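Participant: Those protein sequence lines, which keep their order, are chains A and B. Heads up, the first sequence is in the numbering used here, so the first residue is 1 and it goes up one at a time. Heads up, the second sequence is in the numbering used here, so the first residue is 268 and it goes up one at a time.
Hint data in this document are derived by calculation from the structure and do not stem from the laboratory. Just to be clear, a hint being listed does not mean it is correct.
[Said to hold, decoys possible] Label pairs and their calculated CB-CB ranges: (1) A:His129 - B:Phe485: 47 to 53 Å; (2) B:Ile297 - A:Pro162: 24 to 30 Å; (3) A:Ala18 - B:Trp511: 18 to 24 Å; (4) B:Asn281 - A:Ala18: 32 to 38 Å; (5) B:Phe518 - A:Ile84: 40 to 46 Å; (6) B:Pro542 - A:Arg183: 53 to 59 Å; (7) A:Ile84 - B:Trp511: 43 to 49 Å; (8) A:Lys141 - B:Ile297: 51 to 57 Å; (9) A:Ala18 - B:Leu396: 25 to 31 Å; (10) A:Ala18 - B:Met508: 22 to 28 Å; (11) A:Gln133 - B:Tyr403: 18 to 24 Å; (12) B:Pro542 - A:Ala14: 37 to 43 Å; (13) B:Ser544 - A:Arg250: 51 to 57 Å; (14) A:Arg229 - B:Pro421: 31 to 37 Å.
Note that the structure is a prediction, hence the values are computed from the model and not measured. Every residue, glycine too, gets a C-beta built ideally from N, C-alpha and C.
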Amino acid sequence: MNATLPLRQRLRRALLLAAILGLWAPFKILWEQEIGREQDFLRYHGTVMTRQLRDDLGQGLTIGVLSGMRNVVADLIFVVNVTIAWENEEWFRMGSYINLCTVLQPRAPVFWDVGGWQLAWNASVAAAHDPRQPNELRRIKASRFWVDKGLDVYKRGIENNPNYWRLWADTGLLYQQRLKDYRNAAYYYQKASELPNAPVFYERFPAIMYEDAGDDQAAYAAWKALWLRLTPEQKEKKEHWKEKIKASIRRLEQKLSIPKEKRVFPN
Amino acid sequence: MMTSLYRITVIGRNTLTEAVRQKVLSVLLIFALVLVGSSVLVSEIAGGLDASSLFEQQIKFVKDFGCGAIGLFGFAIALLSTAQLIPQELHNRTIYTILAKPVRRSEFLLGKFFGIVLLLALCVALMSLAFAAALYWQEQLGLAAVDAADTQIPNWQQNPTLVSQYHNDVAQIYQQVRDPQLIEAILLLFMKLVMTTGIALLISTFASSSIFTIVTTFMIYLIGHMESTAREFWLARGAEMSIWQSGLVGFISLLIPDMNSFTIVDEILAGNHVPWSHALNLLGYANAYLIVLLAVSIIIFDYREL
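Sequences are here, hints too, so could you generate the full structure?
Facilitator: Okay, structure coming up:
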C-alpha cells in the first residue's frame, strides 16, 4: 500500500497539472491574440507599414531581447553615438545610428524629428562646404544627397507619427528653405496647422508659400479660407496678424482683378 | 476561511520584514541617485539642439530611464528575493517549524508570494517618488530653457507670434511631464514584476537551489519577450514545421507568458495614447496567468518531499 501511494500521488498530481494547463492554454492563446491585435492598432494606427520598416522589424530576435529596455537603448544610442558621430562629422555612421533608433522606437517622434534635422541640415551643410572636395558640382550633389536622406527620415516619421505637428512643420521648412519647393512646403505647413498643439501662426504659412511659389490664385484661396474661418467676433477684434490677412486679400483681389461682387473686401 | 487569511497575512508580513532587512532599500537609494543624476547628464550630452527639441528629448530620456530603472531594479529585486524564499527556509530549517503548526503548505506559499508582492509595491512606490522628483526637476529646467529662449527679444509680449510660441512651448512641457498616463505605465510595470515573482515562485517550488531558480526565471523572462513572435509563427506555419520544431514553438506559445505585451509602456512613454481599457485587459490577463501559476505552484509544493 505504502509503495503504491507515491505513484498514485504522482499520477494525481500530473493529471491535475495537465488539466489546469490544458484548460488554460487555449484560453491564453486567444487572450494574447486579442491583446496583440489591440496593440497593433495602438502602435500602428493610421499608418502604413513601409517595406523598409517591416524589414527592420523582422530583426525580431534582437528587438525581443532588448524588449523592456528598448527605449533606454535607443535613447543612449541617440544621445551618445549620434552626438559623437555628428561631432566627428561621420555622416554615414550618424545616418545608420539614426536609422537604428527609429527602428527601435518608431513611435518616438523626437528621433525622427531631430534625426531628419541632423541629416537634412547639419550633414547637408557640411557636405556643401566640404574643404576636401574641390569640385563644386560634387559638393552640391553631396549636399542634396543628405537633404534627401533627411527628407526621407521626416516622411517615414510622419508615416509612423501622423499626429505630431512638428514633423509636418519641419518637412515644410525643409521644402521651403533647402529645396525651394514652395507648393510642397504649403502642403506640409497646412497639415501641421491642422494638428493639435501646433502654434496658430502655421495657419498663415500655406498662403505665404503659395505667394512665394507665384501661384496667386492658390494664395488668394488660402487667405480667403483663413479669413472666412474667423467668427464675426474674431474679425471685429483688432490684431496684428488679422490686418496682414486683410491686406493680403485686398492686394491679391486687386492683382487678380477679382470682380467686385466676388471680393471679400469690395471697398 | 478567516483564520486561513490571517495565517497568510502573518506569513506575508514576516516575508516582507525579512526582505526589507536584506539591504534592498540601499539599492533603491542608489537607484534614486542614478535616476536624478541622469537628467543632469543628458543636459550636458544632448547639447546643440534648438531649445524645443532639447527639452523634449530630455524629458523623454528621463521618462525612459526612470521607467527602465524601475523595470530593471524591480526585476532584480523580484527575482533575487523570490528565488531564495524556499531554499533559505529549507536551509535554516524554519519551514519545518512553520509547517509543524496548523499551517497548510498552500497558505505558506501564498503568504510568501504576497509578502514579495508587498515588497515590490513598496519598492515601486519609492522608485516612483524618485521618478516624479526627477521629472519635476526636468520640468523646471525645461521651463527655464523656454524662458531663456523665447523671452530674450525685447518687448516680446507685444509680438503675438512670440507669445503664441512661448505658451505653446510651456503647454507642451506640462503635457509631457504631467502625463496622467504615467500612472498606467507604472501599474503595468508593477504587474510585469509580479508576474516575474509568480514564475520565480513556481520554479522555486521544485528547484533545489536559488541559482537554478534565478537562471531559469531569467530565461523564461527573455523567452517571454519572444513568445508573441513564436505564437504568430506557430499559428501561421505550425503545420509546415517538423514535429520537433512545432513541439518546441507550441510549448513556448502555450505555456510561456507574453512578456512583450507589457512593452506597450514604451508607447505611453513616447507620449502616445494607450486607453485604460487596454491596460485593464492586460492586467486581467496577468492576473489570470498569476492564478494559474499559483495553482500549479501549490500543487507541486503540496506533493514535494521536504
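Participant: Hints first: check each against the structure and report whether it holds.
Facilitator: Hint-by-hint comparison with the structure:
Hint check: histidine 129 (chain A) to phenylalanine 485 (chain B), Cβ distance near 51 Å, so the stated range 47 to 53 Å holds. Between isoleucine 297 (chain B) and proline 162 (chain A) the C-beta distance comes to about 41 Å, which lies outside the given range of 24 to 30 Å. Here the CB-CB span from alanine 18 (chain A) to tryptophan 511 (chain B) is close to 21 Å, well matched to the stated 18 to 24 Å. Between asparagine 281 (chain B) and alanine 18 (chain A) the Cβ separation comes to about 34 Å, which falls inside the hinted range of 32 to 38 Å.
Range check, phenylalanine 518 (chain B) to isoleucine 84 (chain A): Cβ separation about 44 Å, and the 40 to 46 Å hint holds. The supplied range of 53 to 59 Å is broken by proline 542 (chain B) and arginine 183 (chain A), whose beta-carbon atoms lie about 38 Å from each other. The hint said 43 to 49 Å for the Cβ distance between isoleucine 84 (chain A) and tryptophan 511 (chain B), and at roughly 46 Å that hint holds. In this structure the hint that lysine 141 (chain A) and isoleucine 297 (chain B) lie 51 to 57 Å apart at CB holds, the actual value being about 53 Å.
In this structure the hint that alanine 18 (chain A) and leucine 396 (chain B) lie 25 to 31 Å apart at CB is violated, the actual value being about 45 Å. Between alanine 18 (chain A) and methionine 508 (chain B), the C-beta spacing of about 23 Å keeps the proposed range 22 to 28 Å intact. In this structure, glutamine 133 (chain A) and tyrosine 403 (chain B) break the distance hint of 18 to 24 Å, their C-beta atoms being roughly 49 Å apart. For the hinted restraint 37 to 43 Å between proline 542 (chain B) and alanine 14 (chain A), the CB-CB distance of approximately 42 Å keeps it satisfied.
At roughly 53 Å, the beta carbons of serine 544 (chain B) and arginine 250 (chain A) sit within the given window of 51 to 57 Å. Distance hint for arginine 229 (chain A) and proline 421 (chain B): a CB-CB separation of about 33 Å, consistent with the stated range 31 to 37 Å.
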